[in-house]
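2 protein chains.
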Amino acid sequence: MVKSLLALVATITIAPLSAQNSPQTAAPLRPNAAAAEPAAEDWRDIPADEILLLQLKSGRQVVVRLAARLAPAHVNNIRKLAMARWWDGESVYRVQENWVAQWGDPTEKKPLPPEILARPPSEFEVAGVSPALRLSKPDSYASATGITADGWPIATDGKATWLTHCYGMVGVARDQLPDTGTGAELFTPIGQSARRLDRNYTVVGRVIEGMQHLSGLPRSDAPMGVYADAAERTGILWARLASQLPPDERPHFQYRATDNERYAAMIALREHPAPPTVATGLNVCDLPVAVRRRP
Amino acid sequence: MVKSLLALVATITIAPLSAQNSPQTAAPLRPNAAAAEPAAEDWRDIPADEILLLQLKSGRQVVVRLAARLAPAHVNNIRKLAMARWWDGESVYRVQENWVAQWGDPTEKKPLPPEILARPPSEFEVAGVSPALRLSKPDSYASATGITADGWPIATDGKATWLTHCYGMVGVARDQLPDTGTGAELFTPIGQSARRLDRNYTVVGRVIEGMQHLSGLPRSDAPMGVYADAAERTGILWARLASQLPPDERPHFQYRATDNERYAAMIALREHPAPPTVATGLNVCDLPVAVRRRP
Chain A
1 MVKSLLALVA TITIAPLSAQ NSPQTAAPLR PNAAAAEPAA EDWRDIPADE
51 ILLLQLKSGR QVVVRLAARL APAHVNNIRK LAMARWWDGE SVYRVQENWV
101 AQWGDPTEKK PLPPEILARP PSEFEVAGVS PALRLSKPDS YASATGITAD
151 GWPIATDGKA TWLTHCYGMV GVARDQLPDT GTGAELFTPI GQSARRLDRN
201 YTVVGRVIEG MQHLSGLPRS DAPMGVYADA AERTGILWAR LASQLPPDER
251 PHFQYRATDN ERYAAMIALR EHPAPPTVAT GLNVCDLPVA VRRRP
Chain B
1 MVKSLLALVA TITIAPLSAQ NSPQTAAPLR PNAAAAEPAA EDWRDIPADE
51 ILLLQLKSGR QVVVRLAARL APAHVNNIRK LAMARWWDGE SVYRVQENWV
101 AQWGDPTEKK PLPPEILARP PSEFEVAGVS PALRLSKPDS YASATGITAD
151 GWPIATDGKA TWLTHCYGMV GVARDQLPDT GTGAELFTPI GQSARRLDRN
201 YTVVGRVIEG MQHLSGLPRS DAPMGVYADA AERTGILWAR LASQLPPDER
251 PHFQYRATDN ERYAAMIALR EHPAPPTVAT GLNVCDLPVA VRRRP
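Going line by line, the protein sequences match chains A and B. Okay, so the first sequence: first residue is 1 according to the numbering used here, each after it adds one. Okay, so the second sequence: first residue is 1 according to the numbering used here, each after it adds one.
Treat each hint with caution, since some may be false.
[Stated by the list, open to error] Here are the simulated DSS-like pairs of lysine-lysine, each with C-alpha atoms no more than 27 Å apart in a straight line:
1. B/Lys80 with B/Lys110
2. B/Lys57 with B/Lys109
3. B/Lys159 with A/Lys137
4. A/Lys137 with B/Lys137
5. B/Lys137 with A/Lys159
6. A/Lys109 with A/Lys80
7. B/Lys57 with B/Lys80
Read the hints as simulated data drawn from the structure, not as lab findings. Given the structure is predicted, the values throughout are model-derived calculations rather than measurements.
Can you build the whole structure from these sequences, using the hints too?
In structure tokens:
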């Protein structure tokens with residue numbers, strides 16, 4: 001179901017801004033905070049084969065939600081890599097200041113499982129996807145931005161649509177040629193968003209828990225942020241799909257659906273915050289990651 | 001000297017995009033890379049009393065450039081705090097995931113030097129400042145953004161102008177009331193930019209060296225990211241203005257002036273990158289921090 005923000009906001013209770021505002025400013029319409037609360041049915045289960053768990057040797061865990069519908073070829077590879085336990089014993093080997101943390105095999109020599117696509121088609125853009133909710137303003141890199149019904153941040157130039165390289169999104173590292181990324185080497189932006197990679201790298205997911213275990217790692221001074229000394233790497237004990245774990249050990253996650261007036265109200269509140277906050281607007285990369293463990 | 005990007009670009013040599021582009025796309029004009037190189041005279045000395053050095057107990061150093069002209073009351077306080085050696089022995093006591101690192105006195109009980117303004121006027125917006133160069137597109141939080149002649153990122157809504165809370169900018173922490181920040185407690189965004197703080201917090205500078213020593217610190221799980229255990233804090237050995245150090249120990253920094261066609265050409269190249277990069281545009285927070293140590 002595709003609705004514009006304005007159409008949705010028109011259906012909900014609104015309250016004018018307080019009288020503190022100068023009379024010459026048109027008062028933006030702010031929904032009541034209660035109207036922005038999710039309903040129980042807004043929380044939808046994320047399938048267990050769309051959750052990738054990275055268990056670090058430090059005992060910490062990073063959880064990635066996979067964009068199975070939006071980057072199917074690469075997510076399929078990632079599932080097979082996890083099933084083959086390919087990342088077990090590998091590492092986070094690159095942490096570049098204000099850029100990315102990257103994990104996989106730093107030697108790029110470890111054989112890949114035969115069942116994966118060695119050269120999957122690039123999935124830099126996503127077909128047949130519209131935002132369930134558009135943000136009010138264009139941003140520096142797109143004519144419109146918004147979020148899919150199932151919670152993925154996207155941008156468009158009116159023709160193509162793509163997943164945005166926001167902080168915490170997970171992309172496929174590759175060599176020069178567009179089809180040289182398999183999904184074995186993955187990265188996530190750890191500083192200012194990496195939007196200049198949009199439409200040139202395949203985005204396969206987002207870190208939904210444990211991002212601090214990647215963003216808080218020591219930066220490397222070596223070229224491209226690749227640790228010069230193997231001892232600096234953060235070891236990966238194992239990586240699994242949640243669906244690989246025994247049922248009683250599986251974590252369960254839910255996303256907040258966005259194609260409803262409650263989410264639209266939440267965005268309206270953020271786009272027109274209450275005083276004393278003055279900044280209006282909302283960048284697609286500042287949209288909250290609305291995911292939780294299933295209660 | 002205030003010039004628009006278009007006016008500047010019109011004066012420089014341009015080259016059309018390569019013939020690889022589809023013919024129905026209007027080819028953006030890209031300057032030659034050589035036109036974007038700074039001239040020797042573009043590098044201007046930063047005064048020694050606009051450089052704040054934070055020497056951490058770990059032996060690492062963080063260098064902050066102070067926006068003396070744009071936040072004079074708070075920078076004046078910061079200078080006096082450094083002269084009084086107020087931060088010596090204090091710490092980085094707050095590191096909140098995808099938000100900020102903050103330093104000063106976590107108890108907020110340490111007496112402030114009598115010579116500082118205890119309640120300086122808020123400097124959330126900057127008066128009398130125009131961008132020397134405007135970026136082509138508005139962004140999610142402003143009708144126009146750009147950079148001052150001396151390299152500070154700014155945004156405007158057509159009436160007010162303000163410094164933007166980009167990654168690595170330095171802001172003044174405060175309590176609820178707008179005039180409760182003195183400059184003693186400072187923070188810097190360590191994740192996605194913190195633009196929702198724009199016009200509501202005073203920005204006093206930017207980290208120009210050593211940002212990785214703040215961004216790479218372990219995140220706290222405690223409320224607001226304030227370390228629950230004092231042992232988690234990163235100690236500050238001393239903080240000084242460069243001008244306080246003996247002349248032969250002072251580091252010297254330079255910024256790249258932006259009010260010239262070379263800088264405009266650099267921006268034009270980034271707004272219209274060469275293939276295979278597809279993303280066009282440039283966010284004000286992705287402008288390069290064009291600062292160097294004086295050769």
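These are the hints, each one checked on the structure:
{"no.": "1", "hint": "B/Lys80 with B/Lys110", "in the structure": "holds (15 Å)"}
{"no.": "2", "hint": "B/Lys57 with B/Lys109", "in the structure": "holds (22 Å)"}
{"no.": "3", "hint": "B/Lys159 with A/Lys137", "in the structure": "holds (18 Å)"}
{"no.": "4", "hint": "A/Lys137 with B/Lys137", "in the structure": "holds (11 Å)"}
{"no.": "5", "hint": "B/Lys137 with A/Lys159", "in the structure": "holds (18 Å)"}
{"no.": "6", "hint": "A/Lys109 with A/Lys80", "in the structure": "holds (18 Å)"}
{"no.": "7", "hint": "B/Lys57 with B/Lys80", "in the structure": "holds (22 Å)"}
The structure shown violates none of the earlier numbered hints.
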